[in-house]
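Full structure from sequences and hints, please.
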Amino acid sequence: MTDMGNYDSLTVENVPGGAIVVHGDIDVAGGPILEAALLRRENEGSVVIDLGDVSFIDSSGLRSLLGASRRARARGTTVVLRHVGAEVLRLLEITGTTSHFSIETSND
Amino acid sequence: MTDMGNYDSLTVENVPGGAIVVHGDIDVAGGPILEAALLRRENEGSVVIDLGDVSFIDSSGLRSLLGASRRARARGTTVVLRHVGAEVLRLLEITGTTSHFSIETSND
Amino acid sequence: MTDAAVIGPVVLRLPPDPALSRVLRLAASGVAAMAGFTVDEIDDIKIAVSEVLLALIEHGGEGPIEVEFAIEDHAFIVRGSTPIESFDVEHPDLLLCRTVLTSVCTSHGIELIDQQAQIWAAVTHASIP
Amino acid sequence: MTDAAVIGPVVLRLPPDPALSRVLRLAASGVAAMAGFTVDEIDDIKIAVSEVLLALIEHGGEGPIEVEFAIEDHAFIVRGSTPIESFDVEHPDLLLCRTVLTSVCTSHGIELIDQQAQIWAAVTHASIP
Ligand SMILES: Nc1ncnc2c1ncn2[C@@H]1O[C@H](COP(=O)(O)OP(=O)(O)O)[C@@H](O)[C@H]1O
Ligand SMILES: Nc1ncnc2c1ncn2[C@@H]1O[C@H](COP(=O)(O)OP(=O)(O)O)[C@@H](O)[C@H]1O
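In order, the protein sequences belong to chains F, C, W and Y.
Numbered per our numbering, the first sequence spans residues 30 to 137.
Numbered per our numbering, the second sequence spans residues 30 to 137.
Numbered per our numbering, the third sequence spans residues 4 to 132.
Numbered per our numbering, the fourth sequence spans residues 4 to 132.
No lab work stands behind these hints, which were simulated from the structure alone.
Among these hints, one or two may not hold up.
As the list claims (entries may be wrong) - Cβ-Cβ distance ranges computed for the label pairs, FRET-style:
1) W/Gly64 with C/Val109: 58 to 66 Å
2) W/Glu88 with C/Leu68: 54 to 62 Å
3) F/Asn43 with W/Ile87: 32 to 40 Å
4) W/Thr41 with Y/Val42: 26 to 34 Å
5) F/Asp82 with Y/Thr109: 32 to 40 Å
6) F/Pro61 with W/Glu93: 19 to 27 Å
7) W/Glu93 with Y/Arg101: 49 to 57 Å
8) F/Ser84 with Y/Arg16: 23 to 31 Å
9) C/Ile123 with Y/Asp117: 27 to 35 Å
Just so you know, even glycine gets a beta-carbon here, dropped at the ideal spot from N, CA and C.
Okay, structure coming up:
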């Protein structure tokens, strides 16, 4: 981190053929970064998002996940959320959107 | 932490006959709290301050330590700073005040 | 312990930059921790503050955003505002935001007052009597 | 990565309450991390921000304190001010504060302008060319 510039609060790691691993906060800044990464990967078929390193999400972040879910459903598949922690699970529950995903919690 | 009120950014643990253990930030809020705790204990003679759980100090915090040092010197003794971490050591060094204390770093 | 009602308010004026969401959460956590809110309550406050900011960024203009944190009557209050010409407080994009605020806050409001979008939310500290 | 010069400024208005020192450090850390400052630089920024606040609290009056964080020319700038009738910028109590600012900052200033105590400090990001 020696060059000057905006440091993104969210980074996405693309494991080829594997999960999309998210690090950071899925908020109004991170949501669009995640959405762009998801759109680049979805032509590959199934989508697995690893949220093990995400301890914050708000409704704008949730919208990027719901968008991926809607597009997955249109392709006849489901978005898998892996290593879902308490904070993400809570937001899914209070918005009644858990059923949009196949969820694997951190304890699974 | 169920009752409402100001939560102090610094707390002091008094081990009777032993060290004064400081938890938190020694800043413009924490400095006076530490100073009050030090003044209550100094009649006992030697002063040992455990800074193992202090990762921030500024010049107002340093003044409370320097005050204790000055009063200890008047009694013919020295203030011992125990478990001094990098942040505290740095402030002592840039202010040229390391010689006012007997310092035991975290690595000792 | 002094009375929590004496804390604040802290007012932040910032550009409508999404990257500042995290900065607001950090500042809000600091104020709430200082006022004795629990870890779970601080989680709610972080969500509330983020929802207020994102609604102002997504529905406001290019103008500055003002956010106030205050402790009043045992509650953490966040009040945000930004200049705006017109503002559809029933916009469908605000539905998810409202759903979240309803769950994490004791009360909240989204209004257009004096050419300003104004959003506020309150998280009450649950003290054991 | 966009140009860091576009970040901020973030302006905070707060009462002269020592307990807010930690809140200011949290907010400053967030802005600095977002702008790509290193962990060591952020440690310096936290000290600089605390020194600015404590000088304003200890030498200012009961009036509100305004603190601005900005990223300008690859530097984190903190500017603080508070209304004050008279202000001895050479007061001995400011010596230790100045010593610290001289060490952790690239440059700083303590001035009385327009009945306001004004204190600023800059921490430059050391980029490898
Ligand atoms: N309150 C809600 N409950 C459940 N799903 C919602 C809610 N609000 C929006 N959605 C869903 O979120 C998804 C994304 O919404 P939207 O912001 O329109 O994104 P996009 O246009 O990129 O798909 C849509 O599938 C929408 O139906
Ligand atoms: N720049 C400095 N370098 C070294 N010691 C200092 C410096 N400034 C103040 N001190 C010392 O810090 C101690 C506390 O200062 P002061 O604020 O006057 O506190 P008190 O009156 O409570 O002792 C004094 O011993 C003083 O000499």
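Hint check results:
1. W/Gly64 with C/Val109: 58 to 66 Å: The hint (58 to 66 Å, Cβ to Cβ) holds, given that glycine 64 of chain W and valine 109 of chain C are roughly 59 Å apart.
2. W/Glu88 with C/Leu68: 54 to 62 Å: Taking Cβ atoms as reference, glutamate 88 of chain W and leucine 68 of chain C lie about 60 Å apart, which means the hint holds.
3. F/Asn43 with W/Ile87: 32 to 40 Å: Distance hint for asparagine 43 of chain F, isoleucine 87 of chain W holds at roughly 38 Å.
4. W/Thr41 with Y/Val42: 26 to 34 Å: holds, 29 Å
5. F/Asp82 with Y/Thr109: 32 to 40 Å: Because 34 Å falls inside the window, the suggested range holds.
6. F/Pro61 with W/Glu93: 19 to 27 Å: With Cβ atoms ~24 Å apart, the hint holds.
7. W/Glu93 with Y/Arg101: 49 to 57 Å: Because 56 Å falls inside the window, the suggested range holds.
8. F/Ser84 with Y/Arg16: 23 to 31 Å: Distance hint for serine 84 of chain F, arginine 16 of chain Y holds at roughly 30 Å.
9. C/Ile123 with Y/Asp117: 27 to 35 Å: holds, 32 Å
Hint violations for this structure: none, all hints satisfied.
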